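The hints should help you fit chain B onto chain A, whose structure is shown.
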Amino acid sequence: MTKVVEQARRLRAEGKTATAETLLLEAGWGLPNREAARQAYDEMFPPNAILKQWLDGALADAQSQDRDVKRKALAAVVHEALSEATPSSGVWLRSPRTTGILIALLRDPDPVAADGACLTLCRVFSLYFRDQRAYKDLVTLLGSVRWLTRMWAVRAVCALRRPDSFQHIETLLADPEPMVRSQTFDWLDRSAQMDVLSEKELLRLERAARAALQDGNATVRARATTVLARIGDRTTLEQLSGRYDPSRLVQNTIAWAIKEISARSGD
Amino acid sequence: MPRVPNLGDPLIYKRLGVERASSDEAGLLLEAGWGPAFDAAAREAYEVLFAGSPAFETKWGPIHADLTSPHAADRLRGLELILKAACEPQQWLWNPRVTEALLELLRTAEGVALEKAGLALVRILGPFPDRRAHGACLPLLTHPLPRIRASAVWSVGLSGGAGAWSDVLPLISDGIAEVRQAALSSLSNGYSDLPEEGRAQLQSAAIAALKDRVDGVRLAAVAMLGSIGDTASLQALADIKPRRMVWREAVNTAIAEILKRAASTPGSGRERSASRKGLK
Numbered sequence: 000m001t002k003v004v005e006q007a008r009r010l011r012a013e014g015k016t017a018t019a020e021t022l023l024l025e026a027g028w029g030l031p032n033r034e035a036a037r038q039a040y041d042e043m044f045p046p047n048a049i050l051k052q053w054l055d056g057a058l059a060d061a062q063s064q065d066r067d068v069k070r071k072a073l074a075a076v077v078h079e080a081l082s083e084a085t086p087s088s089g090v091w092l093r094s095p096r097t098t099g100i101l102i103a104l105l106r107d108p109d110p111v112a113a114d115g116a117c118l119t120l121c122r123v124f125s126l127y128f129r130d131q132r133a134y135k136d137l138v139t140l141l142g143s144v145r146w147l148t149r150m151w152a153v154r155a156v157c158a159l160r161r162p163d164s165f166q167h168i169e170t171l172l173a174d175p176e177p178m179v180r181s182q183t184f185d186w187l188d189r190s191a192q193m194d195v196l197s198e199k200e201l202l203r204l205e206r207a208a209r210a211a212l213q214d215g216n217a218t219v220r221a222r223a224t225t226v227l228a229r230i231g232d233r234t235t236l237e238q239l240s241g242r243y244d245p246s247r248l249v250q251n252t253i254a255w256a257i258k259e260i261s262a263r264s265g266d
Numbered sequence: 000m001p002r003v004p005n006l007g008d009p010l011i012y013k014r015l016g017v018e019r020a021s022s023d024e025a026g027l028l029l030e031a032g033w034g035p036a037f038d039a040a041a042r043e044a045y046e047v048l049f050a051g052s053p054a055f056e057t058k059w060g061p062i063h064a065d066l067t068s069p070h071a072a073d074r075l076r077g078l079e080l081i082l083k084a085a086c087e088p089q090q091w092l093w094n095p096r097v098t099e100a101l102l103e104l105l106r107t108a109e110g111v112a113l114e115k116a117g118l119a120l121v122r123i124l125g126p127f128p129d130r131r132a133h134g135a136c137l138p139l140l141t142h143p144l145p146r147i148r149a150s151a152v153w154s155v156g157l158s159g160g161a162g163a164w165s166d167v168l169p170l171i172s173d174g175i176a177e178v179r180q181a182a183l184s185s186l187s188n189g190y191s192d193l194p195e196e197g198r199a200q201l202q203s204a205a206i207a208a209l210k211d212r213v214d215g216v217r218l219a220a221v222a223m224l225g226s227i228g229d230t231a232s233l234q235a236l237a238d239i240k241p242r243r244m245v246w247r248e249a250v251n252t253a254i255a256e257i258l259k260r261a262a263s264t265p266g267s268g269r270e271r272s273a274s275r276k277g278l279k
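Protein sequences appear in the order of chains A and B. Under numbering that gives the first Met the number 0, the first residue of the first sequence is numbered 0, with each subsequent residue one higher. Under numbering that gives the first Met the number 0, the first residue of the second sequence is numbered 0, with each subsequent residue one higher.
Because the hints were derived from the structure by calculation, they are not lab data.
Calculated pairs, PhoX-like style, for lysine-lysine (alpha carbon to alpha carbon, straight line, at most 25 Å): (1) K240/B to K210/B; (2) K71/A to K51/A; (3) K258/A to K259/B; (4) K259/B to K240/B; (5) K58/B to K71/A; (6) K135/A to K199/A.
Short, incomplete list of chain A residues facing chain B, as computed with Cβ under 7 Å: (7) R70; (8) A74; (9) H78; (10) M178.
Bear in mind that the values here come from a model prediction, so they are computed numbers and not experimental data. Every residue gets a Cβ at the ideal spot worked out from N, C-alpha and C, and that includes glycine.
Bound-form chain A, shown alone (with noise of 0.2 Å):
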């Protein structure tokens, strides 16, 4: 038995049932990924009479053969899970059960049974736990030809928050969709806040973001922008401050950027 169980043991004995089963599902389906992990929280957390409701109910249709079922069923699922969090939504969210069918459905021939089961992904990944075994199709789907596809992956992905993921996540930042590649920048914004990248992929991000910069769609040249205001430095600062953009979206971008670069170098 490993020292996490052990110590999820000893928490959930204590009394901290939440504490416990967070702590197996970090170790049983994130990195570390250990299999003595996942079985304790088998073991130790069965499913609960709301979890099962789900499991049988919305859940169960949306692994139905019927297309229009499957889309209503997952219509509900996306709808509890981006509504506002509460302790009966995270019963059921929270847990390998749910993600494990959710992640069968991104490989579903219906796109949009795809999309769903990608947004809610990503909001378990956000306000839960994240789920590692989603990381190979999303990847796929990264790759996808169909640009809503792209964009749900791409969020998802950076959800995951995975040291190994940019390599993935850069081709986007060039997509021919634009709306894909100010999600890109957008989330990779986010990344950057948790330190997830590293020196080396911060720089590429920057170089791309300067680029950007010249974008033909102004919501991404604000996106890029936003990330220069986190990353840049006094060179970003002056490439920013002599620049002129006709979109009034991006000039507030820009001079909200030159203010946060300045307090952040001294300046």
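Frame of chain A, contents of chain B only:
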């Protein structure tokens, strides 16, 4: 590039007095599906995953029943409810089903109902510029009732993308002040994304509107020149001798905006000299 700021632009919400959560999932699909790109895949995904959520149906169901009622009083009540709800940022209103119902009323309603439907649509198009409203509102730009023309001007400007300026331009010389003011104000939104051709024509129209007999129209023209940010209009602004505080503030704000843009534009010596002249 879209002339109207996209759903993520905080400016448009500030201008229209509403706020919006950051780029949430439904918002991204709305922008892609009903914005300038009018992407079919985004519309399908939105319809399946978000459009008919229970929270939306609870609020929309009774209002939709009113709007489609055969009785005029019910339809008016439904419109009142939308107008009341739209006074505050209410995400459930930014739904294609709501704009669709309002567009249907714009095609069929008359008098007060038409007026209220036009106003309700404007309030919703600020945060959710549904592209379908552009075509539906174009015929209303020549409606005999001025308030209908005024709301149509806003709707066309908000939903029409980069080409809408030429639809709205003739309304700057409308016979009714409220319509002229609406035309100038709606064109000020996102002006900076307009093509060069549109900028030159709108600037001339705004300078001409500085001589309008109605204060509100002149103030809107001043604000529009500030949005355009071209140093060529500095002289016209400097020639205004404002006595009232509201005018002094408007003119000074416009001049400051123009000078700010001139300072950040790689400008010529002639432009810098014009800036100094404008400051005098």
